[in-house]
Each structure stands twice: as structure tokens, then as C-alpha cells.
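Chain order of the listed sequences is A and B. In terms of the working numbering, the first sequence opens at residue 2 and continues consecutively. In terms of the working numbering, the second sequence opens at residue 10 and continues consecutively.
Hints listed in this document are in silico derivations from the structure and should not be mistaken for laboratory results. All clues given are correct.
What follows is a set of in silico ranges between Cβ atoms, one per label pair, in the way DEER data are often shown: (1) A:Pro-52 to B:Asp-138: 40 to 48 Å; (2) B:Ala-130 to A:Asp-9: 16 to 24 Å; (3) B:Cys-17 to A:Thr-10: 52 to 60 Å; (4) A:Ala-172 to B:Asp-138: 36 to 44 Å; (5) B:Ala-130 to A:Arg-69: 38 to 46 Å; (6) B:Ala-88 to A:Val-190: 46 to 54 Å; (7) B:Pro-37 to A:Pro-197: 38 to 46 Å; (8) B:Arg-25 to A:Phe-162: 28 to 36 Å; (9) A:Thr-164 to B:Leu-267: 45 to 53 Å; (10) B:Glu-128 to A:Ile-44: 47 to 55 Å; (11) B:Tyr-20 to A:Thr-10: 42 to 50 Å; (12) A:Arg-69 to B:Glu-247: 52 to 60 Å; (13) B:Leu-261 to A:Pro-184: 52 to 60 Å.
All values derive from a computational prediction rather than experimental measurement. Backbone N, C-alpha and C fix where the C-beta goes; we use that ideal spot for every residue, glycine too.
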Amino acid sequence: MAPALFVDTGSPVHRLNPVTKLVALLSILVIVFALPQWWTSAIVVVAILVPAAIVARRARALAGIGGRILLPIVLVLVLVQGFTFPGGRTVVWQWGALSLTAEGLTFALNTGARIVALVLASVLLVVTTHPGDLMSALTEHGLSPKFSYIISSTLQLIPSFRTRADGILLAQQARGLAIPRSPLRRVRVMLPLLGPLVLGMFTDVEERGTAMEARGFGSTVRRTALEAVPDSPGQRLARWLMAALAAAAVVVPLVQELL
Amino acid sequence: MIELADVCYAYPGAERFVLEHADLRVEPGTIAGVVGASGAGKTTLAKILSGFIPHVDGGELSGSVVIAGRDLAGLSLSACVRQVGLVIQNPFNQISGARYTVRGELAFGLENLGTAREEMADRVTQVADLLGITQLLDRSPYELSGGQQQLVAIASMLVLRPPVLVLDEPTSQLDPAGTRMVFGVLSQLRESGCTIVIFEHKLELLHAHADRLHVLAGQRIVASGQPGEVLADPRTDEWGVGATRYTRTGRLARDRGLGPVAVPLPVSFDEAVGFFGGGPR
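Bound conformation, chain A alone (with noise of 0.2 Å):
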């Protein structure tokens, strides 16, 4: 099984540190947040994450995974707001009682564009860099060890997870479950399934922590590293101008308001 989504193809994006990654998500959270326009988010996606996908040969993981969470989620947005957005006055479609507004689209995609961008980013994020680089970047960074393991190894615990429901939910069905197509009746059929699930996910957890700290994970002492993460005066200028930008993205539009 794969430690997790991550694939090293050894690309300038694998290369960068971690921190950097990290530092750009959390940009891209704040500029779009900030700047709520479709096109600012549109932006991002076409001229940062997709070239950077592309430079690291994860395009088509990116897309596979990223289309997954975000077409229902885009889907539910658009039906839910282009058709009972409250200040939707412009009907572009009707259907008997049912009103599709121009107000109601135009804010779908606004709230969707955002989502895309931040789903992409950190997609991309998990798909170029490994659990554990992220772990000793944000160690060396000064954040508790602990802390940090949580952050990667939930990252490597989803492949885990899937694994083991494809496995319960093969025992179920070679018990007889039959797995109806309707998406409702579905997931009444699983809901039994989460038990076992979540219950072996528990003794997992245990075992885990035992070999852990079987190897000095408790330990207070000052943590080292058998290799180091690179990093570079570069990249560390990068974090600072990309922080600049989130709190400008924050800042400016206050301002502007004020004057």
C-alpha cells in the first residue's frame, strides 16, 4: 500500500520545503477569502496550481482527486444557490415553481471558485510532499513533534482507511450485502459498516502509538534529523513576500473602504 497520495517524481515542486508549501496554501486561503471575486480564485488555479501540477508531473492526480470532492460539492452549490439564493431576483430559467436567479449563480461561483482553489492547493500540497518531510520541516520550524506527526500521519492514514472499508465492505458482501444503486439506500447499507471501521481503526491507533513510542517518541530531548530538509534563502524570502500578499489581499480592500 502507498504511504499516501504522495508520488515522488523528483520535480522542483517535490524539492521545495514543506514550510513553503504550506506557507502558499495558507496564502491562497487568505487571498481568496479576502478577495472574493470569481476571477481572483480563477487566477490561482490557472496561473499558480495547475502550472505547478503540471511542473510536477501530478497534473492528472490532481485533477482525478481534486474533480472527486469538488464535483458534488459544486454541484449541491450551484442547484442549492441558483435556485433559493434570497436576493435572486433574475430568472434565467423556470421550471414550475422552481427559479433559477442570476444573483444565485453569480454567487455560486463566487463561493465555488473559492473552493476549487483551496481544494486544488491543497490537493497539491498532499500530492508533492511526503508526511514525513512536512513532519521534520515543521519540527525544525519549531512546532511540537507531536503536533506535527498528527498533521502527517492523518495525511497517511487515508490510504489506510480506504483499505481497510474496502475490506469490511468485502466481507459484508460475501455475507450476502447486496449494494443497492440508489445513493440514499447506499448509504443506509454502509452506515452498519462504520463499527468495525472505526473500531479496528482504534486498535490500529493503539498499536501505532506503542511502536512509537517504543522509539522515543515521547522523548523531550531536542529532536535531530539524518537528513535535512532543504530549504533556501530563496524560498524563505518567498514566505515572507507570500505572506506580504495575504495580508495585503486583507489590508488594501480595508483600506480602500475607509478612504
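Since chain A is already given, all that's left is putting chain B on it; use the hints.
Relative to the frame of chain A, chain B by itself:
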């Protein structure tokens, strides 16, 4: 030297003691096998020997646990870790997930204990050489077979250089090849002076590799001795330990009037050859 004296233990909130007045003595540089039925308290004893009880699991522990002259009760968990390495059943769950090569995985414990980078690299190379896993160093731990992953787990402990290694059913999830690999490495480690306590169900392998065998039943160690002596004891079924296939075959043969009466029941292949090879029937 490992010395457990009059150890009693109950898990937090439990009314029943898992261990009561248990005593165990293991000489340095030897392999001690501990056998017992499922639920006899093997994992509990392994955790007591490695300091996880009471440091992590809590509970009510009395008696003394002395490893290399130091009472574990007076040590912190990270000090216990330096004294005793613990290897658990599931090789997959022992992978930290925090490193993407076996080399990084082996260094993980050393990093946690603040070892200098040059020393870390040396120790990793030495342990990989010792266990014959040098060719795996640059591979992902997730790509290895179960046996190889368990060797990596053992190496991850050995790199910390604990004088004692405790293994809790380390081959229960391995195939025969992986199991042989692990036992081969344990014999090698004994030669290098490491004291090993292994909790196992595979009696024939324990007979072949362990110096002494201890039986855990009824909340205490009820028998200790040479593996051949212990496994030939007629009470093994009563203890829930079972018997080797050679002992079972010898017993069946004797019940049907086929085996020699004066010769003790065989435990190993060699003894079975002698048992069936001659003597009065």
C-alpha cells in the same frame, strides 16, 4: 539479566489480575521463549518488561521488574526505551509513516532521542549489515513483504542499542519464509550479546532457537526450563500450550501401541527419528 519478582498486575478499572505473583529470570545473552494460551497475559507481560506498563497503560502494578540492574519503576518511558526494545505483532503498524525509505525509518527512533547525524548514519548502516537488509535501505517500507517489514521493525529497535529485545508474537502475521528469516536474525543477535525474550506460539521454532522456555498459565509463570524438557511435560495441554507435531505423533503412536514405552515422547524431528527408529514396541 532480567528479573521479575512477585509481579501482580491489573488493568485500570479491571477487577481481575492479569498476572499474579509472576516470577521470571532471563540470563544475559540468551533467548528466552514465553509460551501460553491466547489471553494468558503474554502481551501484558511483554508490556511490563518494556515499561509500557505502567507508564502508558496505567493500572495497578506491584513487585519488581529489574533489567540490567535497573528497576523499570524508577525510569521514565524514554529511559525504558533505551533499556528494552519492543517489537509487536503487526509489522505494518510499526511503520512510522513519517519516513519514506527504510533508512529514514531506521533513523526515526534515533532522531527522537536526539542522536547526532553522523552517529545516526553509522548506526543505521551497522544494523542493516547485521540483519542483512542493506539492499532495502533505499526502498519504501510500504513496498516490503511482511517478513522484511518485521525485520525493519526489529532493526528499528536494535539501532537504539537496547541491551534487551522483547518480541510479542513477531511472526504471527508472517509466512513460513518470513518466520524463518526472523528466527534466523534472533539467533544471530544472541551471538552478538543481545538478551531476547520472545512470546510465541510456534513451539518447534522455539525448541530450535530458545535457550530456555517459560510457560505462562493461570496468571503466573508455571514452568521454566530447557525447551525440550518443558515441551515434553505432560501438562502442556493443561497449560494451553499444545505440543509440537512430533510430540503429537509420538503420543498417537504410543496410544495405538506403536511407539516405544521407555523412551520420552519426541519434541523435535531428530528425537522423532530416534523415537520411531528402534527400541521395544
